[in-house]
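Visitor: Using the sequences and the accompanying hints, generate a full structural model.
Now for the letters of each chain:
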Amino acid sequence: MQERVTAHKSALDAHVREIVEWHFNPETGCPFWLDFAAKAGWDPRKEIHCYEDLDKFGFFEDEKLRGGPVRQWVPKGLAHLPTYIFETGGSTGVPKSRVQMNDFRTDYEMFSHTLPDEAFPKGADWLMVGPSGPRRLRLAVEHLAQYRGGICFMIDLDPRWVVKLLKWGEFDMAERYKQHVVDQALTLLKAHDNIQCMFTTPKLLEAMCEKVNLRKLGIKGIFCGGTEMTPQFHRFAVEEMLDGIYFAPTYGNTLMGLATHKAPTKEDNWAIIYYPPTPRAVLEVVEPDNPTKVVPYGATGRVRLTTLTKETFVPRFLERDECEREAPCDQYPWDGVRNVRPFQKLGTNVVVGVY
Amino acid sequence: MRHLPVLRQGRPYYSVDRARAVHHRTKEPFVEISQANVGLIRRDFLQLEDVAGMMAGFTSEELVKLCAKAAEHFAGDTLPLGEGTQSADEYVEATSATTGLPHNMVRRNQAKIQGVLANMAGVLRGLTRNLDLAILDRGYGEAAGAVVSYFRRTDSLGVVLPSNSPGVHSLWAPAFALKTPLVLKPGGQEPWTPYRMIQAFIKAGAPPEAFSYYPTDHAGAGEILRRCGRGMVFGDVSTTKVWARDPRVEVHGPGWSKVVIGEDMIDRWPEFIDVIAASIAENSGRSCVNASGVWVPRHGRAIAQALAEKLAKIQPRAADDPEAAIAPFADANVARRMNQMIDGLLSEQGATDVSAEAGRGERLAEREGCAYLLPTIVWCESPAHPAANKEFLFPYASVVETPIPTMPEILGPTLVLTAITEDKKFQQRLLAAQHIGRLNFGPIKTIQIVWDQPHEGNLFDHLYARRAFQSALEPVGA
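Going line by line, the protein sequences match chains F and A.
When we follow my numbering, the leftmost residue of the first sequence carries the number 2, and every step to the right adds one.
When we follow my numbering, the leftmost residue of the second sequence carries the number 15, and every step to the right adds one.
These aren't lab readings, by the way, just hints derived from the structure by calculation.
Every residue gets a Cβ at the ideal spot worked out from N, C-alpha and C, and that includes glycine.
Keep in mind that the hints are not guaranteed to be accurate.
Incomplete in silico selection of chain A near chain F, CB under 7 Å [unchecked claim]:
1) 29
2) 30
3) 31
4) 51
5) 53
6) 54
Computed list of chain F residues with no C-beta within reach of chain A, every gap over 12 Å [claimed, not checked]:
7) 6
8) 77
9) 147
10) 233
11) 238
12) 323
Guide: What follows is the structure, given as C-alpha cells:
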C-alpha cells in the first residue's frame, strides 16, 4: 500500500506542475490567475514544484466566484470551446458560479467506471430527480446516462424556491412542492419500463420510497447525493427503503466534481466514506483553527478542497463541511473523508438539505 | 454507558446516530440516546392509522385500569431501559444527573405523574366534563338528556417535550386513555421520564404499538408536529412561535404566571408571603406555573423585601440532600448568559435586585462544578420596566405596583393567576379576562394544580370533536 501511496503522490506532484504551468502561462491561463501572478510578485511556474507548494497561494475565497465577469475564469487555451456556466445549489442572491467546458463530462465518465454494471446496466435508461436549471448535476447526470448508453429522463426542481418557502415558514407548501416533484418522478417511472437507474437526493429518495417500492418499479441502482447524508440515513436507506437496490452515495459540489464512496464494510458501521477524484481534486481534513495543518487519520477537521483541472484551478478552498480524515484504501491510495456534515464551528444558519 | 433506544411503535431501535447527555456536575457523558432520522419517523407514520384502529378496540374502562396499573409500575418497579433495567431509585438519580434537579424534586414530579395515572378516571371526568366514557367507546350516546356523538380528530398525538421538569409528562398521559397513539420527542436532557412511563404502560398490558419515542433533532421534531393530526409543543417563545397559529398544535410556552393582591387585602400582605414565595420557588422555579410576577396596588417595595429575605435562605445543596431547594443548570453557559441578560435588564433605571441586598449574595453561584442562579426578586418602579413581566428558568419574580383598575389587562398573557382578593367586582373582571389560563381566588400557590381542571388547553377537546347525530334504528340511550 505504501508504494502505491508514494507512487500516487509523485503523480499528483507532476499533475500539479502541469496544471500550474497551464494556468499561469500567458498563452493558456485565465485572466484571473494571470492577473494574480502579475500582482503577486512571484512566479508560480517557477516556485510550485509539488502539491505542498500550493500553500503559497493562501486560502481561496469562494466569494470571488460570486458575480462577474465570469470570463475571467475561462483559460485562454480553452477559449475556443463551448462554455457552460454552472451555479451553486440552493443559495439565493447573486450565486457563485463555475465555468466549464468538459470537466463535468470527464468527472462523470470517471465516476461511471466505479459503478457496477449489474446495478447500473449499460443501455438502461436513467431518471434524474434532483436540482435542475443552472446546476451542473442536471447536465452531468444526463451525460452519465448517455456515456453508459442510456437516455436520461428529467424533472424540474428549483431548490431556491424551496429555500424561500422554508425561510417563510411555509412548510406545508414546501412539502407540497416536494410531492409535486415526487409525483412527476413516479409518473415517469411507471410509464417507462427501461428506467433502471436513478439519481436523486436523500430527501426525495425518502419521499419516493414512502409511496412505492422502487425495486418493483424496475430500479436497480440509485446514485444519491446533492445534500448531506448521515450514517443513520445510509443504514436506513439500505435496510428499510431500497429492498436490495444498489445504493451509491456521493459527495460533490460544483467546485470539486464528485467523490465516490468506498464500498461499506461492517467495521465502518454505516459510515459514508468518500474518496475524491484525485489528482483532479484533492480533499484534505485540516485543523479548523489552523487550516494549513492536516489532522491525523481518524481525527475531525474541516474539509479543504484543491481543484486541479485545466478548466479550473482552485487551491486551498475551505469548504463549509467537517468530517473525519480517512486513510487510503486498496481502491483509492489517497486520503478520503468520512461522514461529511455541515461545519459546526461556522455557526451560521445555513439552510441545507432542503431537497 | 446506558443507551436509550428509539421506540418505533414500542419496538426498540438502536440508531447509528447517537446523542449524549452529560452529568450536570461532572460533565462526563452519562447516557447515549439513539437519534431517529426524519425518514424513519415519516416511514413509521404510515402504520399509525392501523395502530389507532387497534386502540379503538379497547374500552375506556380498560384503558383507565391500565393507567392505574401503570402508575404502580412507574412509581415502584424496576422497568426495562434499553438493554438493561432501571429501578425507581435509579430513575430518580438518572433524571437528577442530566437535568440537575435535586432528588427530592424529581420524586415530587414522580409522585405527580403517578397521581395522574392512578386517578385517570377523575382526570378524564374533568377533561370531558363528566361525560360517560362509554359514549367514546360506542361513538354516541346520551349525556345529560341530550344525544351526543364524539369522534377522534387524529390517529396520533405528537408531543415535543422539554427538559425542564418531569411533571409536564402528566399532560400527555391522558391521551392514552383517550385511545390516541402517542408519538413523543423527549427533551435532550430529560429522556428518562417518557421512556419509563412507556415501559410502565407496556408492563401494565398496554399495546406497545401505541407508543413511539423518537429522540431526534429540530427537523425531526417539526416532522412529528406536521405529521400528527394533533400535537403539543413545549419550549420558549422562539421554539413555539412557529406553531402558535396552527390550531392542530397546542403550544406550551412561557407561563408568565402571577400573583395579584387586591385593594381589599393588600394591607394584610405579610400573611401571603409564604404562598407567594412557594409560587415563585417550588420546583426550583422551572415550571410554567411558577409565578414570575407579583402585582400589587401598594406596599410593593416591602413585599419585595420580605420575599427576597425569605428566598435568600435557599442556597445550593447536594443533589441528594432532602433539603435541596434549587437546581443547578445542566449547562453552566446557559446560566451565565441568563445572568448577563438579567444584569442588562437591571441596568435600566427603575429596577432593583432586592435579593442582592437581602443576603442572597451573587445571583450566579458556581459550586462544585455546577452553576446556579439563586432566587432573585426584582422591584420594578413601573410595569413598563423591561425587567417586569419576564420569566426565567429559576426562581425569578418582579414585584410591580399598579392600580387595580389597570388589571387584568396590564398583566398580559398569564397561564396561572392567583388573585388574593374578595372584591367581587375585581373578581368578575378577572373571570371575564381572555388572557388568563387558570384562575385561583384566594391564597393558593400558582403551582398547585388540580388535575381534573385542565389549563392551557383541554386535551379532550384537542383530541375529540362532537358531531350532530340522530338514529332511526334504535334508541340512542340504549
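Visitor: Quick check: which numbered hints come out false for this structure?
Guide: Numbers 10 and 11, in rising order.
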